[in-house]
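Student: Heads up: the protein sequence lines correspond to chains V and Z, in order.
Quick note, the first sequence lines up with residues 1 to 419 if you use the numbering used here.
Quick note, the second sequence lines up with residues 1 to 338 if you use the numbering used here.
Think of the hints as simulated: they come from the structure by calculation, not from any bench.
Glycine is no exception: its CB is placed at the ideal position from the N, C-alpha and C atoms.
Among the hints, a few may not be true.
Claimed, not checked - Facing chain V, according to a computed beta carbon distance under 8 Å, are these residues of chain Z, among others: (1) GLN93; (2) ALA288; (3) GLN291.
As the list claims (entries may be wrong) - Covered, in the sense of this in silico footprint (three residues per stretch, anywhere, with C-beta under 8 Å from a C-beta of chain Z), are these stretches of chain V: (4) 155 to 161; (5) 170 to 177.
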Amino acid sequence: MAKESRLYIPRPTARPGDEPDFSYLELSPAGALDKPGTDAKVRDMEHLAAGLVRVLDDDDGATGPWNPNLDPADLQVGLRWMLLNRVFDERMWQIQRQGRISFYMEALGEEAVSIGQAMALRHGDMCFPSYRNQGLFMYRGVKLVDMMCQCLSNTRDMCQGRQLPIMYHTKSGNVFSVSGNLGTQYPHAVGWAMASAIKGEDHVAASWIGDGSTAEADFHHALTFAAVYQAPVILNVVNNQWAISTFQGTAGGERRPFAARGLGLGIPGIRVDGNDLLAIYSATLWAADRARRGGGPTLIEHVTYRGGAHSTSDDPSKYRPKDEWHDFPLGDPIERLKNHLIREGHWSEKKHTALTEELKAEVLAAWKQAQSYGTMTEGPWLDPATMFDDVYADPPTRLESQRRRMLEIQNMRFNGGES
Amino acid sequence: MAQMNMIEAIRSAHDVVMDRDPSVVVIGEDVGYFGGVFRCTDGLQRKYGEHRVIDAPIAEGGIIGAAIGMGVNGLRPVAEIQFADYIYPGFDQIVSELARLRYRSCGEFFSPVTIRTPCGGGIRGGQTHSQSPEGIFTHVSGIKVVMPSNPYDAKGLLISSIESDDPVVFFEPKRIYNGPFDGDPEKPAVSWSSHPKGEVPEGYYTVPLGEAEIARPGDELTIVTYGTLVHVAIAAAELTGVDAEVIDVRSMSPLDVTTLAESVRRTGRCLIAHEATRFSGYGAELAATLQKECFYHLEAPIGRVAGWDTPYPHAFEWQYFPGQQRMAAGIRRVMEAE
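Next up, chain V with everything else stripped away, as it sits in the complex:
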């Protein structure tokens, strides 16, 4: 007779119909964690991987040693970019629902990660993004119309119809091409950072990965190489609690925080309130300074929540409580920064509404422009012959003959048996 299984299976605290339960999240009050010098020994800052670096407190103040004391104007810039990210995502989601693009992924609730970090990095620092880092592309100068044209696979598409929507890249903006395979960008960032050090430059690399993808071998390869060669790299784990339907425990997050993943290799880990732009900015600046002065890699875990579905192909109501986000103890990054600015007298609901409307108009104008370069149903169309370009720098003759063959067949008209 079969024995009962003794295998442990991790389960989230709440499934559809349950009350959301975030009691598993260990939180520290804002300002509670010290800020070591960038020359501190890793063993003297292990507590940063277990605690939670927070600057914005529950009363919308900014407090503690990690407070970057940014100018109100800079904070308004951060708010603007986060809001643009959200407004853009809302519009693109609608556009997908109307069947006008095939696929989309929104960053709802995680906007502070891309924007806060982009603000802290220098332009020469290279970003190796995951698929929910559209804020990086926006901040690094990719025009909204170009992002939309990529999603449309139209004649202005930077990927010339070769990539799923949202797989952007910008060489001039120093943001790497989004892959679509998970975690593969992590060792690239480390290799890029190693090259930066080999060349004697002070540029750092940064990469992003989800809590789920930390299970991939590439994550562990990257950490090992980063530690071995003390590569100037910032390795970010965006812990948004969910990897499609599996919670962060399925990736091994139940007993030790993801920020602690590097401690065994001597990589300091900082667990950061991922919905607190000030904390993210500050931790990133600290890690970048440390890397720039030869201190090596830092692992930053951003504790946040995936406010939306994994993608437009996903329905989270099938696997998690519908209103779980509203119970997430770290709130909404945009609301929190907005409330902080209002409290400090540098912002108002009225200004916020006006800015939202302005950004919506900007996004709408970009969408109108994007459509003029072609949509899924209306031309102008990309030339399919271009699909044979860029496979090689020096293409083999077989690609040229296949291009000719494709065009020949395209121009053929088979007419019911008559030749």
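Chain V is already provided as a structure; the job is to place chain Z on it using the hints.
Tutor: What follows is chain Z alone, placed relative to chain V:
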């Protein structure tokens, strides 16, 4: 002109390129201080320093992944995977990233990585030190696949590979590192010093990718092969007394169809030989291409000699390896068919 074995020729290729181009770096397991388990990078770290010849952790996926990032940042990495049998942990990085980066970013990003890896059997390596996985990589768009059969080509092809802006997987048949091998394990080992292809210039030269070479001219049959089996095929031609033309493919992708097809049209008979397993092997691609190009000139079905479709067995290496007898039987089969 110097006499070099294949190891020395490969080392010389590194030396020449590293001297000319400061962006060339070498990374791999044991490649630095020790100079590689097959000694192909011996002395390079002493000459070019630890920042250009880097001992890596034992993580092939990490080596290739990091090399890709280095390539994106302006370096020209040569990554050594200690045995081709160990390349699989890096497979996703090769197939999904290295091969497609240029394509998916429309040429904005690319990484000119060369992956060197010893392949093939005949050294009592068992199933984890004897494989020939070239056909797995020729199937991937966006990478080039190369396998030399002698020291002269090894150096010239490796320099071309490193200088190529396209990624290259460069297979080194380790059975012929120290000397040509005609497939008869009972014979005493032969060194490269008495072979014309063991004459290798010390300086810079290239053998272009995408050009096959006629290793033995002949009129009765064309044997299309590469790597160790080039030498086995030549020996088998002598053994059978058939005036076979032996073509060394050298570059599997891109493939020099012209040289192959011209020969097969002339001889009217074709035998394809590789050490890798037969089913879905690279020989199938060669056979399909050559029957299309040469169909009306063929006097017999194209034959194939290959490794059996089993893992490489340790104790039965010489039953597995397509040696002279198997090659001779293949030649006779194609010659007798009408």
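Student: None of the hints should be skipped; say for each whether it holds.
Tutor: Hint check:
Proximity of Z/GLN93 to chain V holds as hinted, the smallest CB-CB distance being about 6 Å (cut-off 8 Å). Taking 8 Å as the C-beta cut-off, the interface hint given for Z/ALA288 is violated, the closest approach to chain V being about 12 Å. Evaluation of the Z/GLN291 hint against chain V yields a violated restraint, the C-beta minimum of about 16 Å exceeding 8 Å. With 3 residues having a beta carbon nearer than 8 Å to a beta carbon of chain Z, the stretch 155 to 161 of chain V meets the requirement of three or more and the stated coverage holds.
A count of 4 residues in the stretch 170 to 177 of chain V with a Cβ less than 8 Å from any Cβ of chain Z is obtained; the coverage claim is therefore met, three being the minimum.
Violated hints, listed in ascending order, are 2, 3; each of the other numbered hints is respected by the structure.
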